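These protein sequence lines are chains A and B, in that order.
Just so we're aligned: 49 in our numbering is position 49 of the first sequence, and the numbers increase by one with no gaps anywhere.
Every position in the second sequence, counted from 1, becomes a number in our numbering once 1000 is added.
What the hints contain is simulated information worked out from the structure, not anything from laboratory work.
Values in this document were obtained by computation on a predicted structure and should not be read as measured data.
C-beta: ideal position from N, C-alpha, C; glycine also.
Any given hint could be a false lead.
[What the hints assert, rightly or not] Dumping the calculated SDA-like pairs for lysine to any residue here, alpha-carbon to alpha-carbon at most 25 Å:
| # | chain 1 | residue 1 | chain 2 | residue 2 |
| --- | --- | --- | --- | --- |
| 1 | A | 49 | B | 1059 |
| 2 | B | 1018 | B | 1184 |
| 3 | A | 49 | B | 1018 |
[Stated by the list, open to error] A few chain A residues that don't get close to chain B, going by computed Cβ distances all over 10 Å:
| # | residue |
| --- | --- |
| 4 | 89 |
| 5 | 141 |
| 6 | 147 |
So you can see what is in the structure, the chains are spelled out below.
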Amino acid sequence: MFIHFSVLTEHLDRYLIGLGGTVAASVISLIASFILGAIIAVFRITPVKPLQWIGTAYVEFFRNIPLMLIAFFVLVGLPLLTGAVLVPFVSGLTALTVYTSAFIAEAIRAGIQAVPKGQMEAARSSGLTYIQAMRHVIIPQAVKLVIPPLGNQFLNLVKNSSIFTILSASDLMYQADLINSDTFDTFSTYIFAALFYLILTIPLSFGIRHLEQRSQNVKGVEA
Amino acid sequence: MIHFHQINKHYGNFHVLKDINLSIKQGEVVVVIGPSGSGKSTMVRCINRLELVTDGELIVDGVRVNDKSTDINRLRRNIGMVFQHFNLYPHKTVLQNITLAPTQVAAMSKQEAEQAAMLYLEKVGIADKADAFPSQLSGGQQQRVAIARGLAMKPKIMLFDEPTSALDPETIGEVLDVMRTLAREGMTMVVVTHEMGFAKEVADRVVFMDQGRIIEEAEPAQFFTNPREERAQMFLSRILNH
């Protein structure tokens, strides 16, 4: 037998601490990257050119470099440039949020732009302002289109939070590394770590699918 | 009510509207016809600034449409618009489609707006569909809702951009009937259409366009029996003899 359950039973407390770290990192980073992503998405679709450039530069830069590099930059580059040394957990949140928000911005932008052009025209021609048209006509329709890609991003975010370990911030992966250096039972240690990730992500995955189906079934909304 | 004065519009290198001069009086029904790509829709969409003009002066209801100081949202309240593809809001019921602008823009209370909406729905003959969603209606019903939505802001002008082109033949009639009633009641209407029967019967004036220009303007009786311009004669012979 390759898997030793004693690794799990003897180090359950550490796994649970790690699990708590991963959950906290995911939830905080999800909220932060949703807000940041929504702002960047607004930059991307606004008619104001300089804002568009900022939005595009942000998205193209951060989604096209590895998350690991962003994490290193927050860890090493930021203190060099600004003198600010963040605690590991905050470093991790920063890197994860900056990275994920680029993807979320794209998901939101794509959803909004997928609403047929005639909807905006109908709303504006009836005298609604751009903001009113967005709020009452475009965004309610875009939400349905944005849920599936947003769900995927949230799943990725939970898994990507494993970069916390290279910043020495306590998450599931970091605790697993510690357990491994105690037990030298690498295989068992990480199998259980994987198990804990699945405990988080599988219900999430089903939850997203449920939400997707519910939004598809809303009366009157065409696919 | 609507005055185009030397209006030109370019899309990049493409010259869509060429030296358009046209005046439409209050209560007049003007039908715009012509081959596709002739600039009819573009011209109508300039009236409520869904399209910007490159140069020339366009005055609607006493307001210079393209002036920087013009409050376009204010002007648009007075101009209802009906689109080829209806553009109803799919996530809202028929009633909500109609009450959105009155409650948001005209600051009407919800009850007031709903009462008014029901009157317009009765007028277009589908009061029983108030709580349905657009996807549950036929094309003709959807377009009648769109007309009711346009009327709900009590506009001075109604624009129709090919309102029957996306409809099944058997539902075209019900939409044209509603438009006929509106015309009879004295609404100022600009209608882009291929329905020659409607043009003949309802229009005060027919405007024929080709390649971005107004080629001919005439009363329907004269235009359909005895068009002056060769291009108009050709167009009519093609569409009337098939």
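Each hint tested on the structure:
With a C-alpha separation of about 30 Å, the suggested pair residue 49(A) and residue 1059(B) falls outside the 25 Å cut-off, and the hint is violated. For the given pair, residue 1018(B) sits about 32 Å from residue 1184(B) by alpha-carbon distance, which is inconsistent with the 25 Å threshold. The suggested pairing of residue 49(A) with residue 1018(B) is violated, with an alpha-carbon distance near 30 Å, which exceeds 25 Å. The non-interface label for residue 89(A) is consistent with chain B: the shortest C-beta to C-beta separation is roughly 41 Å, beyond 10 Å.
With a least CB separation of 6 Å from chain B, residue 141(A) falls inside the 10 Å interface cut-off, contrary to its annotation. Every C-beta of chain B lies more than 10 Å from that of residue 147(A), the closest at about 14 Å, which supports listing it as non-interface.
In terms of the numbered hints stated before, the structure departs from hints 1, 2, 3 and 5, listed from lowest to highest.
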